[in-house]
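Trainee: Those sequence lines, one after another, are chains A and B.
With this note's numbering, the residue at position 81 of the first sequence is 81, and numbering never jumps.
To get this note's numbering, take the position in the second sequence, counting from 1, and add 151.
Since the hints were made in silico from the structure, they are not lab data.
All C-beta atoms, glycine included, are put in the ideal place defined by N, C-alpha and C.
Errors might be hidden in some of the hints.
Which residues of chain B face chain A? A partial, calculated answer using Cβ under 8 Å [what the hints assert, rightly or not]: (1) L193; (2) A197; (3) F198; (4) A214; (5) A224; (6) P225; (7) D228; (8) L229; (9) D256; (10) P474; (11) Q515.
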Amino acid sequence: MAEALRLNRGIAIYAAFIGVLYLIIGLIEFLSGLTPHLGELPPGWIPRDIFGGLSAIVIGLLYIASTTSWRRYESMGYLLVATLLSAIFAVLYLLIAGANGLDSLIVGEGWSWMEDVSRPEIWLLLPSLPPLILSWRMAMRLKPEAAPREA
Amino acid sequence: MSVREVLGEEPEVAMAEERYRVIGEILSRVFRGARPLTLSDLLDKAFLNRYLGIPIFLTLWWALFRFTFDVSAPLSDLIDISFSRLGEFASSIIGNEWWSAFVSDAICGGLGGVLVFIPPIFFLFLGLALLEDSGYLARAAFVVDKILRPFGLQGRSFIPLLLGFGCNIPGVMATRTIPSERDRILTICVNPLITCSARLPVYVLIAGAVLGAYAPMGVFTMYLLSIVLALLMALIFKALIPYFRKGRRAPFILELPDYARPTLRSTLTHMYERGILFLKKAGTIIFLGIIVVWLLSSHPWGAPLDQSYIATLGKWLEPLFRPLGFDWRGAVALLFGFIAKEIVVGTFAVFFGLGEEAEIEEVQRSIVELGVFTPLTGFAFMAFTLIYIPCLATIGIIYRETNSVKWTLFTVIYGLILAYLIALLIVVIGGLMGLG
Chain A
1 MAEALRLNRG
11 IAIYAAFIGV
21 LYLIIGLIEF
31 LSGLTPHLGE
41 LPPGWIPRDI
51 FGGLSAIVIG
61 LLYIASTTSW
71 RRYESMGYLL
81 VATLLSAIFA
91 VLYLLIAGAN
101 GLDSLIVGEG
111 WSWMEDVSRP
121 EIWLLLPSLP
131 PLILSWRMAM
141 RLKPEAAPRE
151 A
Chain B
152 MSVREVLGEE
162 PEVAMAEERY
172 RVIGEILSRV
182 FRGARPLTLS
192 DLLDKAFLNR
202 YLGIPIFLTL
212 WWALFRFTFD
222 VSAPLSDLID
232 ISFSRLGEFA
242 SSIIGNEWWS
252 AFVSDAICGG
262 LGGVLVFIPP
272 IFFLFLGLAL
282 LEDSGYLARA
292 AFVVDKILRP
302 FGLQGRSFIP
312 LLLGFGCNIP
322 GVMATRTIPS
332 ERDRILTICV
342 NPLITCSARL
352 PVYVLIAGAV
362 LGAYAPMGVF
372 TMYLLSIVLA
382 LLMALIFKAL
392 IPYFRKGRRA
402 PFILELPDYA
412 RPTLRSTLTH
422 MYERGILFLK
432 KAGTIIFLGI
442 IVVWLLSSHP
452 WGAPLDQSYI
462 ATLGKWLEPL
472 FRPLGFDWRG
482 AVALLFGFIA
492 KEIVVGTFAV
502 FFGLGEEAEI
512 EEVQRSIVEL
522 GVFTPLTGFA
532 FMAFTLIYIP
542 CLATIGIIYR
552 ETNSVKWTLF
562 TVIYGLILAY
572 LIALLIVVIG
582 GLMGLG
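Here chain A stands alone, though its shape is the one from the complex (with noise of 0.2 Å):
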């Protein structure tokens, strides 16, 4: 079974460039997080914000993790961490524009939906759906789960 799991060299490719794409997006987030001086940069659909930044890296780490280990079952629970994090943290921050949306309404103040809306990790969730599916489509073929384990 674990010989069924390795990822084909398309598909480690395609995978690291979307962690290379996540990494650079973090790192520009974190990195104009830590360093508010720097006026007009990054461009504003790129926030500042430290911990999403690192959130951001650490997506983009895994991805890069299913790559260096792409001969090998391990690879799959890499990418399907990756997945699962930018899924997570896509519908997070649509909910979170939603709710921004919601709050001006209610307190009556302006709102710049295209801010929220146009955050990388939100966009970044299309390239990231082709991996997802599959890597879903693949372990769902695995056999019922063993007893618990111990750690």
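Position chain B against the provided structure of chain A, taking the given hints into account.
Mentor: Using the frame of chain A, we list chain B on its own:
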């Protein structure tokens, strides 16, 4: 020679390893072929990875943090505004001035003050239920256990402590995931030292007023001090309090459940069962506390705030705070801060005749012009605000979660003593260094 020395490791660990070795042997005899690979095996490759396990945990915590406080914000605002309007309406239809103020400020304000906590608490428990039902929470505890163990805490202490950065109430309530009573009480005792979001406006106000260009560094120092003190106090309590030293510290062994897809019904039930307790238990304490403080701050009836009973109390406390460089206004602000830290900024605004809705810059200007704080005493005031008990609601929830007056009083009293000592140290050492 002890069993531990003979075995070379904790007996529980040795027993668990032996038990699983025997199970493995039996399985190898009765089953043919390799053990089938499961989804849990795959996910654990990443979630329990030596290098990525902790970053993944922090990432998921950050997502939970944002979900708890950002996504629930409109509901909290809706409750706040609704009760504010209800108060205005009640005030407009009640003729008697005292009853009008009592219903609008104490009852509606008090109820609103309690109910605004409901959305973040329910969202927090929804997120925690999802993590727990999915099987991840057990892994999270395993991953951070090694970091916290030297400080006398355990893996499951991490989530309550980190949630404390948002609000100490869900932080204290989240200790329910800690099965060991001693570890749970220890985590509850140090949780108020984690600086909640309500304390940030106080830091911003005082640092902006007296620290000038060093204001951001001053605020950041409070966050660092918060983490250092929480870990240090856990270590000290563990070393000095017999209750925490009682018995041998059990090794952290847990069976990792398989990952599972959380069901809507189970997740919502978990959220409801834990969240509703907040309403039933803490609601009464917070609500009554707010009414008592309203009575103290608005009586003698019609007198200005600085002649109210609470101001009298502040002036009575002033000699105690003099060594720290705080006058009666600082003492009263700290007293009001006992109810909720959000009140501190408004209290200063009222003192300066600016009204509770004043801009923060106006309040900062008044602090400088009236010489309420020097940079040193302002920094000491920030540290005091960080360390002493965050709010009345937290005291209520500590009592309900520990079910003990002793531990509740202990947390309040050690917080006050530690706050005083640290603030005094800042003033004395800063004074010796010529910082004023």
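Trainee: None of the hints should be skipped; say for each whether it holds.
Mentor: Results for each hint:
For L193 of chain B, the suggested interface contact is upheld, since its CB lies about 4 Å from the closest CB of chain A, less than 8 Å. The beta carbon of A197 of chain B is positioned within 8 Å of a beta carbon in chain A (closest approach about 4 Å), and the interface hint is therefore held. The criterion of a C-beta within 8 Å of any C-beta in chain A is met by F198 of chain B, whose closest approach is roughly 6 Å, and the hint holds. For A214 of chain B, the interface hint holds, since its Cβ comes within 8 Å of a Cβ in chain A; the closest pair sits about 5 Å apart.
Annotation: A224 of chain B was flagged as interfacial toward chain A, and the flag holds, the nearest CB pair being 6 Å apart, inside 8 Å. For P225 of chain B, the suggested interface contact is upheld, since its CB lies about 4 Å from the closest CB of chain A, less than 8 Å. A hinted interface residue such as D228 of chain B counts as satisfied when its beta carbon comes closer than 8 Å to some beta carbon of chain A; here the least separation is about 5 Å, so the hint holds. Given the 8 Å rule on beta carbons, the hint for L229 of chain B holds: about 5 Å separates it from the nearest Cβ of chain A.
Among the interface hints, the one on D256 of chain B is violated; its C-beta lies about 21 Å from the nearest C-beta in chain A, farther than the 8 Å criterion. Interface hint status for P474 of chain B: violated, as the beta-carbon distance to the closest one in chain A is roughly 37 Å, over 8 Å. Interface restraint check: Q515 of chain B against chain A, minimum CB-CB distance 20 Å, threshold 8 Å, status violated.
Checked against the numbered hints above, the structure violates hints 9, 10 and 11; every other hint is satisfied.
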